[in-house]
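Engineer: Take a look at the letters that make up each chain.
2 protein chains.
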Amino acid sequence: MTTESAETADSFHVFDTTLRDGAQREGINLTVADKLAIARHLDDFGVGFIEGGWPGANPRDTEFFARAQQEIDFRHAQLVAFGSTRRPGAKASEDPQVRALVESGAPVVTLVAKAHDRHVELALRTTLDENVAMVRDTVAHLRERGRRVFVDCEHFFDGYRANPEYAKSVVRAAAEAGADVVVLCDTNGGMLPAQIQAVVSTVLADTGARLGIHAQDDTGCAVANTLAAVDGGATHVQCTANGYGERVGNANLFPVVAALELKYDKRVLPEGALADMTRISHAVAEIVNLAPSTHQPYVGVSAFAHKGGLHASAIKVDPDLYQHIAPELVGNTMRMLVSDMAGRASVELKGRELGIDLGGDRDLVGRVVGRVKERELKGYTYEAADASFELMLREEVEGRARGYFRTESWRAIVEDRPDGTHANEATVKLWAKGERIVSTAEGNGPVNALDRAMRVGLERIYPQLAKFELVDYKVRILEGRHGTESTTRVLITTGDGAGEWSTVGVGENVIAASWQALEDAYTYGLLRAGVEPAQ
Amino acid sequence: MTTESAETADSFHVFDTTLRDGAQREGINLTVADKLAIARHLDDFGVGFIEGGWPGANPRDTEFFARAQQEIDFRHAQLVAFGSTRRPGAKASEDPQVRALVESGAPVVTLVAKAHDRHVELALRTTLDENVAMVRDTVAHLRERGRRVFVDCEHFFDGYRANPEYAKSVVRAAAEAGADVVVLCDTNGGMLPAQIQAVVSTVLADTGARLGIHAQDDTGCAVANTLAAVDGGATHVQCTANGYGERVGNANLFPVVAALELKYDKRVLPEGALADMTRISHAVAEIVNLAPSTHQPYVGVSAFAHKGGLHASAIKVDPDLYQHIAPELVGNTMRMLVSDMAGRASVELKGRELGIDLGGDRDLVGRVVGRVKERELKGYTYEAADASFELMLREEVEGRARGYFRTESWRAIVEDRPDGTHANEATVKLWAKGERIVSTAEGNGPVNALDRAMRVGLERIYPQLAKFELVDYKVRILEGRHGTESTTRVLITTGDGAGEWSTVGVGENVIAASWQALEDAYTYGLLRAGVEPAQ
Numbered sequence: 001m002t003t004e005s006a007e008t009a010d011s012f013h014v015f016d017t018t019l020r021d022g023a024q025r026e027g028i029n030l031t032v033a034d035k036l037a038i039a040r041h042l043d044d045f046g047v048g049f050i051e052g053g054w055p056g057a058n059p060r061d062t063e064f065f066a067r068a069q070q071e072i073d074f075r076h077a078q079l080v081a082f083g084s085t086r087r088p089g090a091k092a093s094e095d096p097q098v099r100a101l102v103e104s105g106a107p108v109v110t111l112v113a114k115a116h117d118r119h120v121e122l123a124l125r126t127t128l129d130e131n132v133a134m135v136r137d138t139v140a141h142l143r144e145r146g147r148r149v150f151v152d153c154e155h156f157f158d159g160y161r162a163n164p165e166y167a168k169s170v171v172r173a174a175a176e177a178g179a180d181v182v183v184l185c186d187t188n189g190g191m192l193p194a195q196i197q198a199v200v201s202t203v204l205a206d207t208g209a210r211l212g213i214h215a216q217d218d219t220g221c222a223v224a225n226t227l228a229a230v231d232g233g234a235t236h237v238q239c240t241a242n243g244y245g246e247r248v249g250n251a252n253l254f255p256v257v258a259a260l261e262l263k264y265d266k267r268v269l270p271e272g273a274l275a276d277m278t279r280i281s282h283a284v285a286e287i288v289n290l291a292p293s294t295h296q297p298y299v300g301v302s303a304f305a306h307k308g309g310l311h312a313s314a315i316k317v318d319p320d321l322y323q324h325i326a327p328e329l330v331g332n333t334m335r336m337l338v339s340d341m342a343g344r345a346s347v348e349l350k351g352r353e354l355g356i357d358l359g360g361d362r363d364l365v366g367r368v369v370g371r372v373k374e375r376e377l378k379g380y381t382y383e384a385a386d387a388s389f390e391l392m393l394r395e396e397v398e399g400r401a402r403g404y405f406r407t408e409s410w411r412a413i414v415e416d417r418p419d420g421t422h423a424n425e426a427t428v429k430l431w432a433k434g435e436r437i438v439s440t441a442e443g444n445g446p447v448n449a450l451d452r453a454m455r456v457g458l459e460r461i462y463p464q465l466a467k468f469e470l471v472d473y474k475v476r477i478l479e480g481r482h483g484t485e486s487t488t489r490v491l492i493t494t495g496d497g498a499g500e501w502s503t504v505g506v507g508e509n510v511i512a513a514s515w516q517a518l519e520d521a522y523t524y525g526l527l528r529a530g531v532e533p534a535q
Numbered sequence: 001m002t003t004e005s006a007e008t009a010d011s012f013h014v015f016d017t018t019l020r021d022g023a024q025r026e027g028i029n030l031t032v033a034d035k036l037a038i039a040r041h042l043d044d045f046g047v048g049f050i051e052g053g054w055p056g057a058n059p060r061d062t063e064f065f066a067r068a069q070q071e072i073d074f075r076h077a078q079l080v081a082f083g084s085t086r087r088p089g090a091k092a093s094e095d096p097q098v099r100a101l102v103e104s105g106a107p108v109v110t111l112v113a114k115a116h117d118r119h120v121e122l123a124l125r126t127t128l129d130e131n132v133a134m135v136r137d138t139v140a141h142l143r144e145r146g147r148r149v150f151v152d153c154e155h156f157f158d159g160y161r162a163n164p165e166y167a168k169s170v171v172r173a174a175a176e177a178g179a180d181v182v183v184l185c186d187t188n189g190g191m192l193p194a195q196i197q198a199v200v201s202t203v204l205a206d207t208g209a210r211l212g213i214h215a216q217d218d219t220g221c222a223v224a225n226t227l228a229a230v231d232g233g234a235t236h237v238q239c240t241a242n243g244y245g246e247r248v249g250n251a252n253l254f255p256v257v258a259a260l261e262l263k264y265d266k267r268v269l270p271e272g273a274l275a276d277m278t279r280i281s282h283a284v285a286e287i288v289n290l291a292p293s294t295h296q297p298y299v300g301v302s303a304f305a306h307k308g309g310l311h312a313s314a315i316k317v318d319p320d321l322y323q324h325i326a327p328e329l330v331g332n333t334m335r336m337l338v339s340d341m342a343g344r345a346s347v348e349l350k351g352r353e354l355g356i357d358l359g360g361d362r363d364l365v366g367r368v369v370g371r372v373k374e375r376e377l378k379g380y381t382y383e384a385a386d387a388s389f390e391l392m393l394r395e396e397v398e399g400r401a402r403g404y405f406r407t408e409s410w411r412a413i414v415e416d417r418p419d420g421t422h423a424n425e426a427t428v429k430l431w432a433k434g435e436r437i438v439s440t441a442e443g444n445g446p447v448n449a450l451d452r453a454m455r456v457g458l459e460r461i462y463p464q465l466a467k468f469e470l471v472d473y474k475v476r477i478l479e480g481r482h483g484t485e486s487t488t489r490v491l492i493t494t495g496d497g498a499g500e501w502s503t504v505g506v507g508e509n510v511i512a513a514s515w516q517a518l519e520d521a522y523t524y525g526l527l528r529a530g531v532e533p534a535q
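Order-wise, the sequence lines are chains B and Y.
For the first sequence, full-length UniProt numbering begins at 1 and goes up steadily by one.
For the second sequence, full-length UniProt numbering begins at 1 and goes up steadily by one.
No wet-lab data here; the hints were simulated from the structure.
Cβ atoms here follow ideal geometry from the backbone N, Cα and C, with glycine treated the same way.
There could be a bad hint or two in this list.
Claimed, not checked - Restricting the straight-line Cα-Cα distance to at most 20 Å, the calculated cross-link-like pairs of lysine to aspartate or glutamate (EDC-like) are:
(1) Y:K168 - Y:D137
(2) B:K266 - B:E328
(3) Y:K263 - Y:D320
(4) Y:K378 - B:E63
(5) Y:K474 - B:E286
(6) B:K429 - Y:E415
(7) B:K373 - B:E348
(8) B:K373 - B:E395
(9) B:K467 - B:E519
(10) Y:K168 - Y:D95
(11) B:K168 - B:D206
(12) Y:K168 - Y:D129
(13) B:K266 - B:D10
(14) B:K91 - B:E144
(15) Y:K474 - Y:E519
(16) Y:K429 - B:D419
(17) B:K378 - B:E508
(18) B:K429 - Y:D419
(19) Y:K474 - B:E508
(20) Y:K429 - B:E415
(21) B:K378 - Y:D472
(22) B:K263 - B:E286
(23) B:K266 - B:D231
(24) Y:K378 - Y:E519
What the hints assert, rightly or not - Stretches of chain B that chain Y covers, calculated by requiring three or more beta carbons in the stretch to come under 8 Å of a beta carbon on chain Y:
(25) 402-414
(26) 462-476
(27) 504-518
Just chain B, with the same shape it has in the complex (with noise of 0.2 Å):
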């Protein structure tokens, strides 16, 4: 739990609230696999600090706290939890909310506070001294229990508006009682950059507090807000992977980012983090199973994407002329055609992170190209899907597939019983060291009783798959208007206590899909597992 180099430092903080916030987004619904998933991405990003939740408001929050800092060995960030300050007229040691966030043993915690007058006599039922009693009782608590505490103070900018000494004295109250930083809130998201810069400067001047700013995108200018905090004298700001968050969403981390690292040549991630933030965005993506926004600045497979003609032959010129930065320094790559989603560089990349040399052949990484390129066109993704792009790369690389085992055929039944029950059924017909293998097999669904008839089939020959074990499994239902005639996207992740990996399949529907991702897993669970391939 230590900042590796000087140049993330504490003097510049990079928040990120995807697991809390963003997790407010319609249509999001994290499990704590999917919140310490996203943690491990947040973390290998190197932001500073991954607020995770409000332990104790929920059983799944609490959970992810205790597994987190059991399971992820953080290299950048440090875990916060998210809480309220005490209820009114009681104390900040006997509130069972504040209990909660000192039992999550998270190093940092974030306090959200009223700042406006308003709120704090409809919202919160008290007075406006009582408030400040919370605000200061609480974060001396924290800081006696050992915490470092951050203090969002919610609605400021409307409070400002409305009150600016009570707002202030509130921003004073936090800092006094030992919180390190007093957190701006656009919590409804209607100002503009103008104001945010203009309210953050003055607050700074007369309050002497260190400042963070967090915004909300409801005026379109999350991103351009969040700046201007940090023209104004921030130096702690507040965003989501994506821009997720409740209503139009939080400020987005990468644009801030990417702006802060490449518009204001300041340090705020490790070195290199920056080439993978396109990574990081598709993978957090795919986790929360939204579709990555195609059009996301610097992230998006649009965002360097040249529509040919008049501008082509300048571009070959040159790229800078038309690109307001290289897309390589995030991670992306420009395209001048309409499905290039995978340059050669980002495969060699790849390859080499695989450990799998390409470097001197261009007709092989031609060849690598050009099959992502037509996969890719038929709905297949490899950003989430690592051990299926191995399996094709080592394919091209030694000329023909790693064949374990060929299927025959397959057969899936399900069936409703008029008594409520269901019977899954299913029957594969496989060929593995020159046998014929028919099994079938239960299971609670059609996709669970063919990965059984698969085991059960081949378990025999191959002892070593006795140990893998199905661990996640997503959907997409790909070109979703009109259902009917759509693609089925479907990648599985398989362990064996050791390791995981993912893979991907395609197809007209969700079994078709879900046998091409299972044939992926096993062989490359074989391969992982160093068996000799032997058809």
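Position chain Y against the provided structure of chain B, taking the given hints into account.
Structural biologist: What follows is chain Y alone, placed relative to chain B:
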């Protein structure tokens, strides 16, 4: 072709370029009929100028200008033709491209001109002086032909950074030759608001020309950049509906005009137009065949959607506490999301939204809250499944379920044959109006086969469902770790030509969950159609 009200007078221009620059977006391909339909919507909305395309550059744009002037009775907007300055070394009057602009009949012409010295040399391959002469000559020629002229200075901000004196000399040449507005373009979209404002105000002071702004969204700041230019003295804003445009996109018309009207208190649209904004935004999205962005500022369906029980009770007290504007101002509506954080207040609000009064009945509301919580624990979500929520609510209010039909049993079979083809077959056994129905159908997947079997079976009894169409289908695996024990949630959107509704199903596998969502979808569709239940 006149401006109706003093409030939308010439002193401030809302200039739309959806049909020209917006059409550069990857995935958009507009027919002439599409362009005419969009132009009508934009004119209804009250923009001052509609840039229709580049007449002469392609037959489609030439046809659009001819037909738009014949077929559309513009109430607010003037039609604008886009084109380029004359070729180097030629006369403007003899340049066929310039001639096509005149022949288009459009009363206003936007000329694109280079203002960045390197672009003049590398892309245009002429001298800096000749480029200035090209601007001067072409503007003067079009003015002589009675056209109003705006000049778009491409790559202005990058050019200004490289060579401010040259960039300003192009602005001066355009203004002196008779251009009404000189538009500073951030063509690569790399600028931030503070930079834009500084340059616009300096250029305004140094040249005295009337200035406009054209911002691209590559930093995620196009809306803020447009407003920053207005702060700097620009009185002409170029935008596109929904921010469509090349790469990431252009400045989005809707948040720009909403900010000007509601935050700057500036009248830039005809009286009452803003309240049409949500409808216009969605209509344009339908025409270009892109799903409307659910999270677009002001107009997205999520833009005023509130989650969380804590907020809900305060929203009942005063919605303004939690919204930066009243959603009705932009033609949108507040929505309460029914989620596991929901309490009584959000259920009551939701009931009111659906036209079902729960006001007095505390027991009833308590029962509904209890059922929502219990079902959400099982994996249901009602946020995105209004129709399933309404069915549940009506069941509690009316004391019985809407029983249009009853399921006895069903079966789905998916078979992968040795030749690589798939067979998907479903059989359903239902009861409706005292009759037992057994029907079988094939489909491109098991859910599609079940949907068809259900439809075939019920259509004779309920002919209304012939119009139903499955328009979207989403699958989410819940508690995704240790995949085999997980629960599956399916969200289905169904349409009947007049509207769409969403339903949810949860089960131990995707087929069982889909069947539940289909049952709700058909039940709600029949309820919507006013069919009396008769089991």
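Engineer: Does each hint fit the structure? Answer for all of them.
Structural biologist: Against the structure, the hints:
| no. | hint | result |
| --- | --- | --- |
| 1 | Y:K168 - Y:D137 | holds, 17 Å |
| 2 | B:K266 - B:E328 | holds, 18 Å |
| 3 | Y:K263 - Y:D320 | holds, 15 Å |
| 4 | Y:K378 - B:E63 | holds, 18 Å |
| 5 | Y:K474 - B:E286 | holds, 14 Å |
| 6 | B:K429 - Y:E415 | holds, 11 Å |
| 7 | B:K373 - B:E348 | holds, 15 Å |
| 8 | B:K373 - B:E395 | holds, 16 Å |
| 9 | B:K467 - B:E519 | holds, 16 Å |
| 10 | Y:K168 - Y:D95 | violated, 26 Å |
| 11 | B:K168 - B:D206 | holds, 8 Å |
| 12 | Y:K168 - Y:D129 | holds, 13 Å |
| 13 | B:K266 - B:D10 | holds, 13 Å |
| 14 | B:K91 - B:E144 | holds, 14 Å |
| 15 | Y:K474 - Y:E519 | holds, 16 Å |
| 16 | Y:K429 - B:D419 | holds, 13 Å |
| 17 | B:K378 - B:E508 | holds, 11 Å |
| 18 | B:K429 - Y:D419 | holds, 13 Å |
| 19 | Y:K474 - B:E508 | holds, 14 Å |
| 20 | Y:K429 - B:E415 | holds, 11 Å |
| 21 | B:K378 - Y:D472 | holds, 19 Å |
| 22 | B:K263 - B:E286 | violated, 29 Å |
| 23 | B:K266 - B:D231 | holds, 12 Å |
| 24 | Y:K378 - Y:E519 | holds, 18 Å |
| 25 | 402-414 | holds (count 8) |
| 26 | 462-476 | holds (count 8) |
| 27 | 504-518 | holds (count 7) |
Hints 10, 22 from the list above are not met by this structure, while the remaining hints are.
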